[in-house]
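Colleague: Residues per chain, in single letters:
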Amino acid sequence: MTELIKTPRTGETLPVKAGKRTNPLANVFDELVRFAQSRSLFMLHYCTGCGAIELPPSMTSRFDMERLGIQPMVSPRQADILLVTGYVSVKTLKRIILTYEQMGSPKYVIGICSCTVNGGMYWQSYATAKKLNDYMPVDIYIAGCMPRPEAVIAGLRELMENIRQGKADSWKDYYRHYDHYLGHQQRLFGETWQTPTDVIAEARHYGLFGPDTLGTHTALLEQHQRPLEALEMKVDIPELMARR
Amino acid sequence: MIELILMPLAAFVIGLAMVLMMRRIGARLQRRVGPPLLQPLWDIIKLHGKETQTSHGLIHELGIVMAIGGFVAAVTLMPLPGMNGLAEQGGLIALVYMMMIPSLGLALGVGQCANPNGSIGISRALTAMLAYDIPMVIVVFGVAFFYGSTSLVQIIDAQQAGGFATWGIAEMPLLAFAGLFAMQAMLGKQPFEIYVAPAEIATGPMVEMGGKFLGGLFIMQCFQLYAAGALYTLLFLGGGENWLTFLIKVFAVVAIPMSIAFLFPRYRTEDVVRLVWKWPAMIGLLGIAFLMY
Amino acid sequence: MTSLDHLVLVSALTLALMLLFGRMRIAGRLAVVLYAVQFLLLMQTGALLGEPVASSLTLSVLDLQMHWRYDALSWFFAMITIGAGFFCAWYAAGVWQERYREEGHSPRLFHVALAANVLTMLILLGSGDLLSLFIGWELVSWASFLLMAVGGGPAGRAALRYLVYAFSGGMAILAGLMLIYTQTGSLDYARVLSLLGELSDGQVWLLLLLIGGGFAVKMGLLPFHLWQAAAYAETPGPGSSFLGAISARMGLYALIMLLVAMLGIGRLTAMEVPFTFLSARDLIAWIAALTVIIPTYIALQQHDARYLLAWHGIGQGGYMLLGLMVGNAVGSAGGLFHVFTYGITQAALLMAVFAVVHRTGTADLNKLGGLVARMPLTFLVLLFGIISLAGLPPMAGFVSKWMVYRSLVAEGMPLLFVAAVVGTLGTILSVYKLIHNIFLGQLRIEHEQVREAPLSMLLPMLGLSTLIFLVGVTPGPALSWVAAVQASLGLPPVPYTLGGIEDPRGGLDMLWLVGILMAGFGVGALIFFGLGGRSKRVHQLDNYAGGHFLTADVRYQYSDNFYAGLMHLIGPWYRGAFLWLEKALTATVAFLSAVMNGFYRYAQPALFVLATAVALLALTTA
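Residue numbers (the numbering used here), protein chains in the order written: chain D, 1 to 244; chain E, 1001 to 1293; chain P, 2001 to 2622.
Bound-form chain D, shown alone (with noise of 0.2 Å):
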């Protein structure tokens, strides 16, 4: 199963060198960016069991998320947390996979409900992930059958707070230790798997290349993989290139 000591946890400083960010801003106005980023959080809700039916409550009049600068998206290219509110079959792990590598970092993950952080009463099914942090690195657990929706604000909370003070980039671990998950994510779906995402190309993209980016799973994955470099746009004039 699961090695601990490699899976990590919040507010744990990662013993890897800060990059330079992307943004030029963010180089400069480093406090207004994060208080901004935690500020401002638009969510994915997931919602792949009975967890979801406290999010409405929590988004609407009587507990009003809105007033704390968040608000629901719908695409993962729009998203900052993805909230993951139930138990996850193998099936619906792919997509949520998926989700979650479409999205925009700096990205988090919020497991709401036991199901997620160990099964829950889905723990002797043949047919569901027990941990959601095996296969992407997850910020906050919001554990409960169901949590009430003062939980799930407590817990959006800590993770403001988390974004805040610089703690919360747990995103930047799925680049460099995406080997590790990887593995996890092939122990499940077999050897083929792949995604649409390219997340090595992005790592060096972005210079978030960690020394266990790459392993035995990644080179297990190129073996197979299909090609998923960008339509770059050519001018590719016949005359010229035949006169070069």
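Quick caveat, the hints were computed from the structure, so don't treat them as lab data. A few of these clues could be false.
To be verified - Under 8 Å between C-beta atoms, here's a sample of chain E residues computed to sit facing chain D:
hint : residue
1    : Lys-1046
2    : Gly-1049
3    : Thr-1052
4    : Leu-1214
Claimed, not checked - Capping the alpha-carbon separation at 25 Å, the derived lysine to aspartate or glutamate pairs in DMTMM-like fashion look like this:
hint : chain 1 : residue 1 : chain 2 : residue 2
5    : P       : Lys-2367  : P       : Asp-2304
6    : P       : Lys-2367  : P       : Asp-2560
7    : D       : Lys-94    : E       : Glu-1270
8    : D       : Lys-167   : D       : Glu-150
9    : P       : Lys-2536  : D       : Glu-101
10   : D       : Lys-94    : P       : Asp-2282
11   : P       : Lys-2367  : D       : Glu-229
12   : P       : Lys-2536  : D       : Asp-236
13   : E       : Lys-1189  : D       : Asp-64
14   : P       : Lys-2536  : D       : Glu-150
15   : P       : Lys-2536  : D       : Asp-64
16   : P       : Lys-2536  : D       : Glu-202
17   : D       : Lys-91    : D       : Glu-101
18   : P       : Lys-2536  : D       : Glu-222
19   : D       : Lys-167   : D       : Glu-232
20   : D       : Lys-234   : P       : Asp-2364
21   : P       : Lys-2367  : D       : Glu-101
22   : D       : Lys-234   : P       : Glu-2448
23   : D       : Lys-234   : P       : Asp-2553
24   : D       : Lys-94    : D       : Asp-212
25   : D       : Lys-131   : D       : Glu-229
26   : P       : Lys-2367  : D       : Glu-232
27   : D       : Lys-91    : P       : Asp-2553
28   : E       : Lys-1278  : E       : Asp-1157
29   : D       : Lys-94    : D       : Glu-232
30   : P       : Lys-2536  : D       : Asp-30
31   : P       : Lys-2536  : D       : Glu-232
32   : D       : Lys-91    : E       : Glu-1200
33   : D       : Lys-91    : D       : Glu-222
34   : D       : Lys-91    : D       : Asp-64
35   : D       : Lys-167   : D       : Asp-30
36   : D       : Lys-234   : P       : Glu-2446
For every residue, glycine included, the Cβ atom is placed at its ideal position computed from N, Cα and C.
Dock chains E and P against the given chain D, drawing on the hints supplied.
Modeller: For chains E and P alone, kept in the frame of chain D given last:
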């Protein structure tokens, strides 16, 4: 020359406040507290500050640039109190067409995303444009014809000459109503929110927009709200004698469609077209008939 | 020999050389040079600003003098004609011609057809009296038929359909000319002009119906528009560009001669349509407005890029006539200017579409997509073209359309204004569909290896795009030609400046507008690239699909029935009434001919001839 820098800046700040107002009105109508004061700004900073961003190619990026740039240019054609900008060089018709440039840029950018949700969104947005632009140009024609000019400066001067009695809304109430109706559709607010439709086509044009792409669209939304409010104020509410009255008018104008929006679900595409071609267009034509005869 | 003689002779020489050497590889380049020479010779005639230039050739048929001369109007149209010929010949001169030959067609025939078109149009534009106008008209009709028919297959059928329309139009014009001749005893412009005022309103209506109707066929005005789209779209690439850019405008030229130069807007305004509150001018303006709307919305339904543009070509003709019918300085200038801006726009657009056809082999909008990654320069040409065609700043088409709108506002014509804008909105919708379905969206697997258009085709396209942009930014020089044309037609000349229109009640200055637009784009780029984080380009299959894994073998593209929601509403409004009318007419004629045939065969032929002779005698004496 300094006006040309100040006008887009003012438009952006006012637009930010309008976005806040829109979200606050929505929250109040739903008995919520709503977002804090600087929420629109935090959203934009956060989106631009994203560490990894997904681009689908050069046109995707240039589309957003066009969307922001087109509005930055368009707002300089709308005179503010004490600032005329380029209103003398452009005029009303040029302004209406200038405001289509951002939509074109957005449409191109969305097209490159290769996501059918986005393409459907654009097809609906253009259909909505076909719907609301007809009452809109009827209104524009009526105002330009009534004041005998397409220059916004002259239109405002004529309105301010005799106080409220010479305001467009007092002289041409039918056109003013048609304009308000068209503005609701122009802002894409419920019940005309066909092209965002989050539950159906996953926010349509915005589906593949994340990070600075979405941030650019948030900036564009600020300009769009401002442009709609300011245009209506210039055409019907006598423009701004001074900044205070201008701001009151502009915010009041935008508050009306916002308040209506949160009370409605949305229509289907063809029903939007049918509705907008029937009521505001007919009322607008009636208004012109009153002006001409 | 006058400078006009030189021009026509060189044009005839072009035709002769193409006949002789058209088979050779050099023919295309030779044609380009010859068209350039023609252009220079046209510039030297000085017909625009100076006195009209007469040709030294005059013919005498019966007692009628035929002569040719160039005035500012002829110069303006000839300039566009030769320019279009030049760019289209350039487009055809290189790789296109070779491919055309490989496909088993004859480049010689194509070059000859193009040269014949230019020559006949130059002759038509120089006509100095109604007889030479008619002869030029027929020559142009036959030359267009030749160019349309060279493609064979569906092109041949479309060309034959055109021929039927052109023949009927020609016969109507001939009847109108006979009417004029019997009334005035001459076909000379000056004589006719002086005597035209004495005609009764009924006679003028008849003239309008016969001659105007005949000319309207060529222009594709409602209800004579059905032939045009297929005929223009099926013509081989550069030929289609040429026809689209200028051919139909010959009809406009002749209509300007009839409506503006001979009858005058004043006379048209004075003539009431019986039992209505419309004048003849309103009627023609409404025909123009309907010509804008109906073909534009038919274009919206097309899924073949060539047909889509060809239908738009018909619609854009309506704007020109509409502007001219408004008749004030800005409106008529807008109508005339639109001939030029539309000409360069349509030529560039069709060239871009045919470049795509050249590379991918299809113009079907449902079978393309995502080509911007492979043909970015062609995309740019198409983008400039569609912005101009839709009439958005900062391209040339915006200026001419703005002038038409401005004049409609100034003259207080709300319904026509709304009609014009409805046409523009329809144009925006369908040109977005055009660029989206070809260049945006998902690239198909079979187009992964597509390359950019060949240089010989790309250069004229880029040249035209540059022209579209430059004319949009500084319309002044082109407007100076338009003002000269207006002066020669007796219309009030437009008060133009370098950047646009001078008008105390709301003018236009494109220099400022484009400047602020570019500055705006600069600010936008600064915010986007300067303040935004770094981005990474991703593969097109890395896309939101509600959690679905996309694969290359399943298409993820929205292109067919692009405006489905709109079509739910307006779809049933497409009744095909004109097609129905055309079919009914064809069936009636076929039936009548069968009856006559039967009558001739089974009755006594001698009796038939006698009956016909008696009927004719009775008609002529009565």
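Colleague: Which of the listed hints are broken here?
Modeller: 7, 10, 14, 15, 19, 21, 25, 28, 29 and 34
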